[in-house]
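2 protein chains.
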Amino acid sequence: MESRSGSAAQGRPVGRGPKVCAAVLAATLAELADVGYARLTVEAVAQRAGVHKTTVYRRWKDREALVVDALTDHVAADMPIPDTGDVATDLRALARLLVTHLTVTHLGVVATMFSDAARLPEIADVRRRFFADRFRRATPLVTRAVERGQLPQGTDPALLLKSLIAPVYLRLLVTSEPLDDAVADHAAEITLAAARAGVFRSTKVSDPD
Amino acid sequence: MESRSGSAAQGRPVGRGPKVCAAVLAATLAELADVGYARLTVEAVAQRAGVHKTTVYRRWKDREALVVDALTDHVAADMPIPDTGDVATDLRALARLLVTHLTVTHLGVVATMFSDAARLPEIADVRRRFFADRFRRATPLVTRAVERGQLPQGTDPALLLKSLIAPVYLRLLVTSEPLDDAVADHAAEITLAAARAGVFRSTKVSDPD
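Which chain is which? The protein sequence lines are A and B, in order. If you count the first sequence from 1, position 53 lands on 89 in this note's numbering, and the numbers rise without skipping. If you count the second sequence from 1, position 73 lands on 109 in this note's numbering, and the numbers rise without skipping.
Keep in mind that the hints are not guaranteed to be accurate.
[Unchecked claim] Label-pair ranges, simulated between beta-carbon atoms:
#, chain 1, residue 1, chain 2, residue 2, range
1, A, G190, B, T139, 28 to 36 Å
2, B, S212, A, Y93, 42 to 50 Å
3, A, I117, B, E183, 23 to 31 Å
4, B, S238, A, K55, 47 to 55 Å
5, A, A124, B, T179, 25 to 33 Å
Calculated from the structure, these hints are not laboratory results. Even for Gly, the Cβ is constructed at its ideal location relative to N, Cα and C.
Sequences and hints are given; from them, build the entire structure.
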């Protein structure tokens, strides 16, 4: 639940506490799925959550902040970071979680976020912050693998994680092929081979090889 | 010019020949960039090309066929397949061509194709055919590298090419990061490392290693 406090709560006691917060975030996701980002309003979210609009604005400065918190919170709840001790297993599990997340859990939300992308300038920033948060959360998977000696020193977690998710999003958004565990496993294989070859080493890090 | 004959011309003499065909395809791209796929009509394309609607319908059975031909023709003209004798150089060059294509040449067309994706069921099939054609055209790059012994026997061209373009589209459509030659080179590095590790070998092909 700690992620629910988000960027806007800042420890200030508002509304009727965590329950209201959770209701507003859930209402935001439901609105995103129903009407899309472009037509989402704080008014409709408040109505759906059964709170006053001012209650929402006390916690979130605008609808962008609300959407980012809702998506961030949702991802945090849905996607635990695998930690099995083996980087290959961890990467496969993370990619499979992403596939499940995209196909089963909230396809409506995802489709809306991307379909409106070209029309709305502000969506780019929302998505950028959303993915930055996701990459930050998954970073320990990579750093632990480096510490265990399973990946080269200096492997950049964000570069590696982008490689992991790229084939999954290519299918979802570009080639319109089905998403399944096979594509997740394939993405993990590509990424692991590239990581072991040193492709994701940050150029700022000296190379011990 | 041979690609201009496309799937619908079928050797049948129609209209006033290749010039009309080229004008209609160019008008289709311009309409795509201006109004998007969802609102593109054969009427508007015909008007823009300065021909009668029936001239268009004599050559293309519907607007989907027209759009696929226009995009296919455009890609064929814009993206020659590199053939330098070195697979690493070829992959970098192909990825850089894609970046240029997406950012400079026809960003409007590309954005439209993807922004409408979630709303229109038929767009998925248009895109699928479009990419199938692109992968088919680039296949010799991979088969030549296999023949030269630069890639493992049984490397699947489509799997490899999808890996090559995935990081580029991730930036364009997901993380909203800038597209440049660095991301192209990085995509080529990832793909080459994975290819050399045998990740793209078709499971149907016996493994000589």
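Here is how each hint holds up against the structure:
1. G190/A to T139/B: 28 to 36 Å: holds, 30 Å
2. S212/B to Y93/A: 42 to 50 Å: The hint (42 to 50 Å, Cβ to Cβ) is violated, given that S212/B and Y93/A are roughly 27 Å apart.
3. I117/A to E183/B: 23 to 31 Å: Because 43 Å falls outside the window, the suggested range is violated.
4. S238/B to K55/A: 47 to 55 Å: holds, 53 Å
5. A124/A to T179/B: 25 to 33 Å: holds, 29 Å
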